[in-house]
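Protein sequence lines correspond, in order, to chains A and B.
Under the working numbering, read the first sequence as residues 12 to 160, first letter to last.
Under the working numbering, read the second sequence as residues 11 to 665, first letter to last.
If you're looking for bench data, these hints aren't it; they were derived computationally from the structure.
Keep in mind the model is a prediction, meaning the values are calculated, not measured.
The reader is advised that the hints may include incorrect statements.
[To be verified] Derived Cβ-Cβ restraints for the label pairs, each shown as a range:
| no. | chain 1 | residue 1 | chain 2 | residue 2 | range |
| --- | --- | --- | --- | --- | --- |
| 1 | A | Ala-21 | B | Ile-72 | 32 to 38 angstroms |
| 2 | B | Ala-342 | A | Ser-42 | 55 to 61 angstroms |
| 3 | A | Ala-56 | B | Asp-612 | 33 to 39 angstroms |
| 4 | B | Phe-28 | A | Ile-24 | 53 to 59 angstroms |
| 5 | A | Ala-56 | B | Ser-574 | 39 to 45 angstroms |
| 6 | A | Gly-30 | B | Trp-340 | 20 to 26 angstroms |
| 7 | B | Asp-549 | A | Asn-120 | 36 to 42 angstroms |
For glycine and all other residues, C-beta sits at the position ideal for the given N, C-alpha and C.
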Amino acid sequence: MNPRKKRRLAFAIALLLAGAGGAALTIYALSDNVLYFYSPSDVMAKHVGPGVSFRIGGLVADHSVKHGTGTAISFVVTDGKHEVPVRFDGVLPALFREGQGVVASGALNGNGVFDATQVLAKHDEKYMPPEVVDALKRSGRWQEGGAGT
Amino acid sequence: MTGEIGQLALTLALALSFVMAGAGLAGARENAVTARGVAGSAALGMLVFVLLAFAALTYAAITSDFSIVNIANNSSTLKPLIYKITGVWGNHEGSMLLWMLVLALYTAAIAVFQRGSGRLTSAALGVQGLLAIAFLLFILFTSNPFLRIDPPPFQGAGLNPLLQDPGLALHPPLLYVGYVGLSASFAYAAAALITREADAGWARAARPFMLFAWLSLTLGITLGSWWAYYELGWGGFWFWDPVENASLMPWLVATALLHSALATERTGAFRTWTLLLAIAAFSLSLIGTFLVRSGVLTSVHAFANDPERGMFILLMLVLAIGGALALFAWRAPSLEGGAAFEPVSRESALLVNNVLLTAAAATVFLGTLYPLVLDALTGTKISVGPPYFAATFAPIAVALLVALPFGPRLGWRRGDGVGAVKSLLPAFGIALFAVLLVLVFAARHVAAAVLAFGLAAWVIAASALDLARRVGPWRGDLWAAVARLRFVPASAFAVALAHAGLGVTLMGIAGTTLWRAETLSLLAPGESVQVGPYKLTFDGARRVTGPNYFATRADVTVGRGGASLAVMHPEHRMFPTEQQETFETSIRTTGFSDLYMALGDDRGGGRFILRAYYNPLAPFIWFGGGIMALGGLASLWGRIRARVPVPHGQAAAAE
Chain A
12 MNPRKKRRLA FAIALLLAGA GGAALTIYAL SDNVLYFYSP SDVMAKHVGP GVSFRIGGLV
72 ADHSVKHGTG TAISFVVTDG KHEVPVRFDG VLPALFREGQ GVVASGALNG NGVFDATQVL
132 AKHDEKYMPP EVVDALKRSG RWQEGGAGT
Chain B
11 MTGEIGQLAL TLALALSFVM AGAGLAGARE NAVTARGVAG SAALGMLVFV LLAFAALTYA
71 AITSDFSIVN IANNSSTLKP LIYKITGVWG NHEGSMLLWM LVLALYTAAI AVFQRGSGRL
131 TSAALGVQGL LAIAFLLFIL FTSNPFLRID PPPFQGAGLN PLLQDPGLAL HPPLLYVGYV
191 GLSASFAYAA AALITREADA GWARAARPFM LFAWLSLTLG ITLGSWWAYY ELGWGGFWFW
251 DPVENASLMP WLVATALLHS ALATERTGAF RTWTLLLAIA AFSLSLIGTF LVRSGVLTSV
311 HAFANDPERG MFILLMLVLA IGGALALFAW RAPSLEGGAA FEPVSRESAL LVNNVLLTAA
371 AATVFLGTLY PLVLDALTGT KISVGPPYFA ATFAPIAVAL LVALPFGPRL GWRRGDGVGA
431 VKSLLPAFGI ALFAVLLVLV FAARHVAAAV LAFGLAAWVI AASALDLARR VGPWRGDLWA
491 AVARLRFVPA SAFAVALAHA GLGVTLMGIA GTTLWRAETL SLLAPGESVQ VGPYKLTFDG
551 ARRVTGPNYF ATRADVTVGR GGASLAVMHP EHRMFPTEQQ ETFETSIRTT GFSDLYMALG
611 DDRGGGRFIL RAYYNPLAPF IWFGGGIMAL GGLASLWGRI RARVPVPHGQ AAAAE
């Protein structure tokens, strides 16, 4: 083999190895590290077990936000059909309020309460998280141009 | 009137972009000197009209002309002037116009700086013309910022308060200067394929644009991350959010491109690969812009909401990326192969750099697009979060950082591997010492963060040694050595700064992980809480009124070792027009650490929730970004200085 062919072969092998390694890592990581998004109806329908991490989204039910004695806060996420109680210890995003969309990540505890590790707000000019819009559409509570009812 | 002027200006710009595309491509033939002149003039004319359109929209925003839909939907008379101006690009239509303006600026820059330089530049202008046509059609037919409404509303809907912030006002323009700057290297790559002048010439002509795009992208990402840090109130700085990933992918590929183009320019290695990277870098910025701007990223369904816009975007992506790749597939086999090099050489190091950077970009690409594809195919909604990126991106980054210091120490074509290892021994010692220090002093031992700290020290030490080796401070007089820095070539500074900057950012990330302290507490007036070395005393909160918001402003006295240092004011703002609230975090920085506070809910009786972080080394994250950009600037400066005596298009070494 002349040096050029040798170099090309080395390049191709390097690229192939890197590609295969990357793909293996990626597939392994994807299978292990994705968070599913569920609406309260999904949570009921799929019987999500305690301790399984996922993201939940829907509207914060009216008059459901309750403060404990400490920094913890609890509220109820609803999609109009089903409700899931949520507990969170932390500073809520500025966009959080009753009747508005919310996305939280965490897991259910043994009592069917969702222990949120993070409550999210999207930082773009759209006010409603799109997954929430979709969840509301599926439960028939979405009105075009408004934030649900 | 303003709306009509803007509309007319855009239409004229479109006409000129057709002229530029036609004349530019025609000028790619031999001896078509007239066409080349026409293309250059059309580029300048297009800039004038796009500038006029942008000025018209800005004027409408400043004068609160609510008869224009875009202004009515995104502005209000109550907004401070500065945010009326920056609000121009705080929405889809306006940001597309800004994109177009930046494209026109780059095109004009190509026309001016490369005036009279032949077929290659002419073809590049032609390609820029094609891009301009696509964008102007997109703006005029699907995202027209000058549409009217009748009757005009009395008051506008206002701008999302999160965007009413100096950091975010600057962030999109910087990112766009980066994204669109990659169009110049894309255009030159396409031009090289069209004219079959795929030697070092195109890489040399495109390099200043690449550098400028890269340093803007670096600054834009740094600024965006800084904004997320102080505005969102979570104390984090990078969330692996799809919107952030959309800017990271082009940055990774552009970084690979900068390195590979260097080899192409110096020795003629990687010729076809560099062309492909130039195409990929701009393709990723196109994809990034559109994923973010069209709402595809946040929801596949937003795509369906405006099928016209979505289809147009898809068509444009297919034409631009597909066209360029088809051109590549057609012409690349007939190009002369790259120059040869030994397995241990600068080229090999750059090869490793390129393989790892593109692999890193690929993992980000997969993680960002996989949820979209899955949702489109099965309707299952998932999110790919930090754990995925920790498992895929991080190992690649580690390999890259380990290899990084070797590159600059190896010679072109044939390097001295043993010499490089020997010369890096002091840096290795420093890195080991840093790891030891961390193991002794860290607040907590996170293996990944300890490793990251060591790697950061390794990279910074190697960069510092590189500069030191050139001036030799150990040869006696230290001041003389500092004075000798003047004779160090700009390119050496560029390499040292860019690499050290990466190390500094990494050190910041590792430092915050290793030493962060945080507290979340419910405080009544007079109560205090300890975070890190600081004692925070809550003195109560009061109502204050801003130009377009009401705020609850807390007074928190910061003390350390009995002495009070400062009073900080984290805020909670309510914007009545937009019906939104924002956090206004309060950050006190020493340059080495941040004290960070966000005010939480009002729990009645004057009691508030206060979240505070002590973030050692956090400022380094953004300093590092700035240092990297300085490296880009140094390289650009070296180019400009070296360029003056060199006639345009000459193959003489530019360094």
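Cross-check of the supplied hints:
no. : hint                                         : result
1   : A:Ala-21 with B:Ile-72: 32 to 38 angstroms   : violated (60 angstroms)
2   : B:Ala-342 with A:Ser-42: 55 to 61 angstroms  : violated (36 angstroms)
3   : A:Ala-56 with B:Asp-612: 33 to 39 angstroms  : holds (38 angstroms)
4   : B:Phe-28 with A:Ile-24: 53 to 59 angstroms   : violated (47 angstroms)
5   : A:Ala-56 with B:Ser-574: 39 to 45 angstroms  : violated (56 angstroms)
6   : A:Gly-30 with B:Trp-340: 20 to 26 angstroms  : holds (24 angstroms)
7   : B:Asp-549 with A:Asn-120: 36 to 42 angstroms : holds (37 angstroms)
Violation of the numbered hints given earlier is confined to hints 1, 2, 4, 5; the remaining hints are satisfied by the structure.
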